[in-house]
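Student: Going by the numbering used here, the residue at position 8 of the sequence shown is 8; the numbering climbs one at a time, nothing skipped.
Think of the hints as simulated: they come from the structure by calculation, not from any bench.
Cβ atoms here follow ideal geometry from the backbone N, Cα and C, with glycine treated the same way.
Keep in mind that the hints are not guaranteed to be accurate.
Unchecked claim - Calculated pairs, EDC-like style, for lysine to aspartate or glutamate (alpha carbon to alpha carbon, straight line, at most 20 Å):
#1 K9 x E234
#2 K61 x E170
#3 K196 x D224
#4 K74 x E211
#5 K222 x E211
#6 K9 x D20
#7 K222 x E203
#8 K196 x E235
#9 K196 x E211
#10 K61 x D20
#11 K74 x D46
#12 K74 x E50
#13 K74 x E38
#14 K61 x E51
#15 K196 x E51
#16 K74 x D136
#17 K196 x D166
#18 K61 x D166
#19 K222 x E234
#20 K9 x D136
#21 K9 x E38
Unchecked claim - Derived DEER-like restraints, expressed as beta-carbon distance ranges:
#22 N16 x A70: 28 to 34 Å
#23 G98 x E27: 45 to 51 Å
#24 I100 x D224: 54 to 60 Å
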Amino acid sequence: MTRRTPERKTPRLADNTAYDLWTALHEGERCAACLVVERMVALYFDRVSEEAVNDIELRAKLRAAGGFCAPHGKQWQALNDVLGTALIYNDVLGTALGVIRSGGAGAGPDNGGMMGRLRGMLGSGAANGPGSVLADALEPTAPCPVCDYTLQAEAQVVGSFARAADHHAEFRAAFAAHPVGLCLPHFRSVLRHTTKHAAQLAEAHAHRLAEATGDLTEVIRKADYRYRDEARGEEFAAARRSVEQAAGALPTQIKPPR
1 MTRRTPERKT
11 PRLADNTAYD
21 LWTALHEGER
31 CAACLVVERM
41 VALYFDRVSE
51 EAVNDIELRA
61 KLRAAGGFCA
71 PHGKQWQALN
81 DVLGTALIYN
91 DVLGTALGVI
101 RSGGAGAGPD
111 NGGMMGRLRG
121 MLGSGAANGP
131 GSVLADALEP
141 TAPCPVCDYT
151 LQAEAQVVGS
161 FARAADHHAE
171 FRAAFAAHPV
181 GLCLPHFRSV
191 LRHTTKHAAQ
201 LAEAHAHRLA
211 EATGDLTEVI
221 RKADYRYRDE
231 ARGEEFAAAR
241 RSVEQAAGAL
251 PTQIKPPR
């Protein structure tokens, strides 16, 4: 379904993050919070590549984490920073090598006797034996530092979104008109932080989800052999959006308090 685009009269928002969210609500079909956080993370990677690959604190965090997590590792690779990658992962993989050579006792020089004993113990098949000890020693002791940064960015973005929605009707109208608005994880987080208009936000989001499920139902109907010759319309875009609409696009999402 085609949604009405409200007049774009920019409200006087409280912070730059809110303005970034306002912009995101007027472009594309992405969750506004995911989009803004992704851009913040991209800037974080740029800073690391340009000036922080030799930062002692960051390198210690990366050693403890075993490098970037898989999704953030792919994002780092996209920068094609060969020297930065060599510096970081020579450190990370060298640390793992030291642990293996020491048989899980800690990083240290190669010791043929230790490796021989370790091979003998690994061949014993004993439960919770030296293989488990070594595996435990190789486990990361800290989270991916970019995941940590992402969670901080999400908290900032969610707080800004909730404040803007609480105080600006234009912001709420932009949210209501956007085809996704927020993914469900970020929508839940915003609801926990909003103080004035949770019911209005929920009504707008329910209307949007009703449109989405209506479109998806139409996609399913047109898959039936009786209707498969019917033209494919805008409803097919809902199938592409629905995955991010349900779960978001970030490798980590804000978790509700327990």
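Student: Against each hint, give a clear statement of whether it holds in the structure.
Tutor: A quick look at each hint next to the structure:
In summary, the hint linking K9 to E234 is not supported, as the alpha carbons are separated by about 27 Å, beyond the 20 Å threshold. Only pairs whose Cα atoms come within 20 Å are accepted, and K61 paired with E170 is rejected, the gap being roughly 42 Å. In summary, the hint linking K196 to D224 is not supported, as the alpha carbons are separated by about 45 Å, beyond the 20 Å threshold. Taking the CA atoms of K74 and E211, the gap is about 34 Å. The hint is violated against a cut of 20 Å.
Taking the CA atoms of K222 and E211, the gap is near 17 Å; set against the 20 Å cutoff, the hint holds. A C-alpha spacing of about 15 Å is found between K9 and D20, which places the hinted pair at or below 20 Å, so the restraint holds. For the hint linking K222 to E203, the alpha-carbon distance of about 29 Å lies beyond 20 Å, and the restraint is violated. For a cut-off of 20 Å, the pair hint linking K196 to E235 is broken: about 33 Å separates their Cα positions.
Distance check on the hinted pair: K196 and E211 sit about 25 Å apart at the alpha-carbon level, beyond 20 Å; violated. This hinted pair does not check out: K61 and D20 have alpha carbons roughly 29 Å apart, beyond 20 Å. Of the pairs offered as hints, the one joining K74 and D46 holds, with about 14 Å between alpha carbons and a cut-off of 20 Å not exceeded. Between K74 and E50 the CA atoms are separated by roughly 18 Å; this keeps the pair inside 20 Å, and the hint holds.
Only pairs whose Cα atoms come within 20 Å are accepted, and K74 paired with E38 is accepted, the gap being roughly 13 Å. A hinted pair counts as satisfied when its Cα atoms are at most 20 Å apart, and K61 with E51 qualifies at roughly 16 Å. In summary, the hint linking K196 to E51 is not supported, as the alpha carbons are separated by about 42 Å, beyond the 20 Å threshold. Straight-line distance between C-alpha atoms of K74 and D136 comes to about 25 Å, which puts the hinted pair past the 20 Å bound.
For the hint pairing K196 with D166, the CA-to-CA distance comes to about 5 Å; that is within 20 Å, so the pair holds. Note on K61 and D166: the hinted pairing is violated, with a Cα-Cα distance of about 37 Å set against a maximum of 20 Å. Between K222 and E234 the CA atoms are separated by roughly 13 Å; this keeps the pair inside 20 Å, and the hint holds. Taking the CA atoms of K9 and D136, the gap is near 56 Å; set against the 20 Å cutoff, the hint is violated.
For the hint linking K9 to E38, the alpha-carbon distance of about 25 Å lies beyond 20 Å, and the restraint is violated. Between N16 and A70 the Cβ separation comes to about 31 Å, which falls inside the hinted range of 28 to 34 Å. Taking the beta carbon of each, G98 and E27 are about 48 Å apart, inside 45 to 51 Å as hinted. For the hinted restraint 54 to 60 Å between I100 and D224, the CB-CB distance of approximately 57 Å keeps it satisfied.
Hint violations for this structure: numbers 1, 2, 3, 4, 7, 8, 9, 10, 15, 16, 18, 20 and 21, all remaining hints satisfied.
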